[in-house]
Amino acid sequence: MPKIGAGKLYYLLEDELKQIRVGRDKLFKILKANGLLIKPKKKYHITTNSHHRFRKHKNKIKDMEFIRPEQVWVSDITFIGNRIFSFNYRCVFKKNCGLQC
Numbered sequence: 001m002p003k004i005g006a007g008k009l010y011y012l013l014e015d016e017l018k019q020i021r022v023g024r025d026k027l028f029k030i031l032k033a034n035g036l037l038i039k040p041k042k043k044y045h046i047t048t049n050s051h052h053r054f055r056k057h058k059n060k061i062k063d064m065e066f067i068r069p070e071q072v073w074v075s076d077i078t079f080i081g082n083r084i085f086s087f088n089y090r091c092v093f094k095k096n097c098g099l100q101c
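All residue numbers for the sequence shown refer to full-length UniProt numbering, where the first residue is 1 and numbers rise by one.
The set of hints was computed from the structure by calculation and includes no laboratory data.
These numbers were taken from a predicted model, which means no experiment stands behind them.
Beta carbons: idealized from backbone N, C-alpha and C, even for Gly.
Warning: the hint list may mix true and false statements.
Pair ranges (Cβ atoms, derived) [said to hold, decoys possible]:
#1 51 to 28: 49 to 55 Å
#2 56 to 34: 31 to 37 Å
#3 5 to 62: 46 to 52 Å
#4 74 to 5: 54 to 60 Å
#5 14 to 37: 15 to 21 Å
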């Protein structure tokens, strides 16, 4: 059974393992010692999708010169995934103290 995890393997072999007195933790140690544990998939963060069908706004402050405080405000909406709801919103407004384009 390729790519079966140690937890599922223990569940499938539980009766046989009890006869030879091997518990879940011992099975994990045996699998680890022999290099048989499955490496977890690398988790990656989904970032901005710039190739969407919606309108994209130009950067209006890119070449602007800032001469006074609170001349420019920027905002960002972030979608935060969770297990209860499909996603949450987080909206952040910042005074543009140090512009980074």
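So, going through the hints one by one against the coordinates:
1. 51 to 28: 49 to 55 Å: violated (43 Å)
2. 56 to 34: 31 to 37 Å: Cβ of residue 56 to Cβ of residue 34: about 53 Å, so the range 31 to 37 Å is violated.
3. 5 to 62: 46 to 52 Å: holds (50 Å)
4. 74 to 5: 54 to 60 Å: violated (45 Å)
5. 14 to 37: 15 to 21 Å: holds (18 Å)
Hints 1, 2, 4 from the list above are not met by this structure, while the remaining hints are.
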